Amino acid sequence: MHQLPPFAEALTIEWGTVPDWVAAIGTVLAFVVAAVAYAGSVWLSREAQARQVSMSQLQIDVVEAGTSLGLAQPMVLIGVPVDLSQPMPEGLVPGVRVARLKLTVVNNSDEVMGPVSLEFAALGARSFLRDAHGEIDRIQPHETATIRVVIPDHWYPMHPPLQVRMVFRDSAGRWWQRFENERVRSAPRRIRPAEHARKQAAKLSRATSVERTPAPKAGSGWRLVGNVKDGVHVAR
Numbered sequence: 001m002h003q004l005p006p007f008a009e010a011l012t013i014e015w016g017t018v019p020d021w022v023a024a025i026g027t028v029l030a031f032v033v034a035a036v037a038y039a040g041s042v043w044l045s046r047e048a049q050a051r052q053v054s055m056s057q058l059q060i061d062v063v064e065a066g067t068s069l070g071l072a073q074p075m076v077l078i079g080v081p082v083d084l085s086q087p088m089p090e091g092l093v094p095g096v097r098v099a100r101l102k103l104t105v106v107n108n109s110d111e112v113m114g115p116v117s118l119e120f121a122a123l124g125a126r127s128f129l130r131d132a133h134g135e136i137d138r139i140q141p142h143e144t145a146t147i148r149v150v151i152p153d154h155w156y157p158m159h160p161p162l163q164v165r166m167v168f169r170d171s172a173g174r175w176w177q178r179f180e181n182e183r184v185r186s187a188p189r190r191i192r193p194a195e196h197a198r199k200q201a202a203k204l205s206r207a208t209s210v211e212r213t214p215a216p217k218a219g220s221g222w223r224l225v226g227n228v229k230d231g232v233h234v235a236r
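Sequential numbering from 1 applies to the sequence shown in our numbering.
Quick caveat, the hints were computed from the structure, so don't treat them as lab data.
Treat the hints with caution; some may be incorrect.
Here are the simulated lysine to any residue pairs, SDA-like style, with alpha carbons at most 20 Å apart [what the hints assert, rightly or not]:
id, residue 1, residue 2
1, Lys-102, Glu-180
2, Lys-102, His-159
3, Lys-102, Asp-137
4, Lys-102, Ile-60
5, Lys-102, Arg-148
6, Lys-102, Ala-122
7, Lys-102, Leu-129
8, Lys-102, Glu-64
9, Lys-102, Ser-56
10, Lys-102, Pro-161
11, Lys-102, Gly-114
12, Lys-102, Thr-146
13, Lys-102, Leu-58
14, Lys-102, Trp-155
15, Lys-102, Phe-128
Nothing here was measured: the structure is a model prediction, and the numbers come from that model.
Go ahead and model the full structure; you've got the sequences and the hints to work with.
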């Protein structure tokens with residue numbers, strides 16, 4: 001009988017018996033099942049924390065044209081769009097009736113949440129208001145943060161029928177969204193604040209060459225942004 005040379009015998013693979021293969025496959029399957037179960041438990045744990053982030057009832061009051069908003073300097077309006085790439089709201093000019101929006105985000109979870117992005121949409125509308133947007137950098141566990149936005153009142157004499165979508169990131173880097181009081185869900189990339197800012201910046205660069213400079217922060221979680229348009233200083 002022909003024998004293999006020594007070097008060929010060294011390269012011979014021992015495939016093992018059928019029971020060995022069955023045992024190996026069983027071990028691999030057990031590992032896969034354990035990995036899937038662990039990933040599922042981590043996801044449920046993160047979702048449980050995200051469910052503890054909620055919004056208060058949106059407060060809206062209408063300010064008549066010419067009413068002072070109590071600003072320290074003679075600026076016309078005040079707002080909180082931290083996303084500086086947004087186009088300047090065309091409707092915010094002196095003598096325009098505005099709606100003031102106030103919303104509190106409650107973080108009852110055990111971890112830091114943020115950034116938190118808030119967008120507003122008219123009831124039944126298919127898109128969110130372009131100039132009604134605010135962002136909170138972060139909220140500590142078991143704390144709250146309040147955001148304020150001022151927008152033109154396009155609904156007078158009706159009360160602005162607005163709805164809110166909150167998009168936020170947990171401490172593990174996962175993004176979540178909550179629309180009104182609906183259940184929290186995973187947030188797709190297209191609605192995350194960073195992606196939103198990139199798209200708005202591209203839109204702004206196409207629409208105008210006006211350069212905007214952010215003013216210093218004016219309180220926890222919100223800031224003022226000044227713009228000059230047609231010689232009128234408008235605070236967003």
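Hints versus structure:
no.: 1; hint: Lys-102 <-> Glu-180; result: holds (14 Å)
no.: 2; hint: Lys-102 <-> His-159; result: holds (15 Å)
no.: 3; hint: Lys-102 <-> Asp-137; result: holds (17 Å)
no.: 4; hint: Lys-102 <-> Ile-60; result: holds (7 Å)
no.: 5; hint: Lys-102 <-> Arg-148; result: holds (5 Å)
no.: 6; hint: Lys-102 <-> Ala-122; result: holds (15 Å)
no.: 7; hint: Lys-102 <-> Leu-129; result: holds (15 Å)
no.: 8; hint: Lys-102 <-> Glu-64; result: holds (17 Å)
no.: 9; hint: Lys-102 <-> Ser-56; result: holds (9 Å)
no.: 10; hint: Lys-102 <-> Pro-161; result: holds (14 Å)
no.: 11; hint: Lys-102 <-> Gly-114; result: holds (19 Å)
no.: 12; hint: Lys-102 <-> Thr-146; result: holds (7 Å)
no.: 13; hint: Lys-102 <-> Leu-58; result: holds (6 Å)
no.: 14; hint: Lys-102 <-> Trp-155; result: holds (17 Å)
no.: 15; hint: Lys-102 <-> Phe-128; result: holds (17 Å)
Hint compliance for this structure: every hint is met.
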